[in-house]
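All chains should be built: construct the whole structure from the sequences, respecting the hints.
Each chain, letter by letter, is given below.
Number of protein chains: 2
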Amino acid sequence: MRGALLVWYRNNVTKKPLDSYSYFRTLMSMNRFIKCPPLTSVDLQELWSPDIINPREPHSPKTNNSAKEKTTSVIEGKAIAKDIKSQIADEINGMKRSIGKVPGLAVIIIGKRSDSDTFVDLKLKACDRVGIASFKAELPEDCTEDELLGVISDFNLNPSVHGVIVQLPLPKHLSEEKVMSAVSAEKDVDGFHPLHIGNLAIRGRDPLFIPCAARCCIELLLRYDVQIMGKKAVVIGRSKIVGLPISLLLQRYNATVTVIHAFTKNPERLTREADIVVADAGIPNLVRGHWLKEGAFVIDMGTNSIKDANCPHGYHLVGDVCFKEAITKVSAITPVPGGVGPITISMLLTNTLDSAKRMYKFS
Amino acid sequence: MRGALLVWYRNNVTKKPLDSYSYFRTLMSMNRFIKCPPLTSVDLQELWSPDIINPREPHSPKTNNSAKEKTTSVIEGKAIAKDIKSQIADEINGMKRSIGKVPGLAVIIIGKRSDSDTFVDLKLKACDRVGIASFKAELPEDCTEDELLGVISDFNLNPSVHGVIVQLPLPKHLSEEKVMSAVSAEKDVDGFHPLHIGNLAIRGRDPLFIPCAARCCIELLLRYDVQIMGKKAVVIGRSKIVGLPISLLLQRYNATVTVIHAFTKNPERLTREADIVVADAGIPNLVRGHWLKEGAFVIDMGTNSIKDANCPHGYHLVGDVCFKEAITKVSAITPVPGGVGPITISMLLTNTLDSAKRMYKFS
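Chains as they are written, first to last, in this note's numbering: chain E, 1232 to 1594; chain A, 1232 to 1594.
It should be emphasised that the hints constitute simulated quantities derived from the structure, not laboratory data.
There could be a bad hint or two in this list.
If several chains are the same, the list does not tell them apart, and a pair holds so long as it fits within one copy or across any two.
What the hints assert, rightly or not - List of simulated lysine-lysine pairs, DSSO-like, C-alpha gap at most 27 Å:
| no. | residue 1 | residue 2 |
| --- | --- | --- |
| 1 | K1313 | K1403 |
| 2 | K1316 | K1367 |
| 3 | K1496 | K1560 |
| 4 | K1555 | K1592 |
This is the structure we're talking about:
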């Protein structure tokens, strides 16, 4: 396999051979404040190695012992998000100075849900902190589809708005598909439009926006110098907001991806073989210690609220991964709360900035 | 897992419990000449079974011994395609009688390639056999992008044309992305438009068209009463025409899908665990006998031409699966040639008929 890669790198990327790890470092050395390079730059040519095509002997699985030397990193999402946000703020200042414009993000929220309110407030505060102009539209729980579509259409047409997001979930009487497709693809900074998902799936294409949760995962893997290509990745859960885009993006990064869902038989066994585990099932502590391979890199996208009278809001958050069991086995893990949450929000800001730069042709 | 399924079926599909197999038979009993039901009808609710959420003991993998009783079926693509085509022809006759219209398919071919010519001829002959009006545009190898886009635009506007396909591969000087996106999504019967791929990937969505190779795979699995849900499926290769849409569609059918590509380590071991194997690597005889689990259902999408002076065309076709080794182990396999090829073409006719029915609001 390696042989094939070296050939490829020599022919297409650089004069001297590079292994995949160095290749990604080269990509990452581009002066970008987030690590995720253009997708098409990770679409490697499908070179099948001779020993796969004409095997001498059946291969035997290799085990990863490097984990034993590692101590587990608990990933501090807040610190990474702070770093990204400060660099977004710098870019926005530069934009303001040179063209007198700033990015704008519109958030639409329907009805009252304590969790939605919390998420929206976090997004708006984050905008404020980096200098993104924010617009908030609050509609009543019983608003009609036409009312909502009207608000979306206004934001689509507003030249000061470069990103439009509708906070999910919607009340039952509104069609999510209809509402989400009403957001202009050019302003769909959540990246949920089927056109973006299609371009995320298709090698050789670069979607206008990559969903924030997926960007967050790749951001973490690249920041922690985790080799993705050729590694086994398991994505547990396949929501269209988190699991699906993450599995598609990891695939684009040339991981060998298996998506585990509620109908998967023996998910623990499949997960135990993974070097990279992303959990998005929405089940508190679903992923137990015996599910995990020693040295795995674990990204917990779960945010499950558990009633708790001792907490100010009356609940506390837990992830999909049983943290206290995982911490003893894995090389790195994102805690809940304080893990992926802040980074995912900073990815929303990144998408909004990218959108504004595209619309103002500012680079 | 089963427990969860029964609950779901009782609540949402029928009053009496059904297992997944009976569920698909119910779907298939709809009076449709192809077996593939609307995608959203296979989007099952994500019910996590209690013994996964709170395991008593770590699960042990189950081995499938049913294979031992099976004799291997060599799937006769021509017979299945003939059956599908005769029913398409009946529908088209009905359409002609009642509204005086027939479906129309436009095929655009650029330059001279013996393989492309063969494929196009097969498609046009098939149209003729079922009563689909066909339109063929031949452009020279050195045609400009504007010339090609002009031809596409004419077919997009032509009300007698319900499907437009551009034969791939294109000459190097033409942008495949630009050309393919020029085909109106409503007439993209190949189903390659990112909008269709996105809607294929997103649970709860039904794309206007499903790529023919993917429809072909599901068609075979359903015709052979293979249970897909919860089964391990391995797709070897990830081309945007074959491997990608197949992996997305198998996922929608609730298989546990792993996509194997050139950078996958130890592909034979991963493939050996699969109940359903789809090969689309474009490597003659890549999948050897020791890659396959006993009783697996093998769909060989490979069509590799091997120079052969003794053959009339100067070459013969072989698949990605080593047929003579596979036949001794698997429960069913598609031969090359004569396997998936004819069925895939009949799926193109199906997509064209569906498109015409949609445009004429004829059911």
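Which numbered hints fail | Failing hints, ascending: 1, 4.
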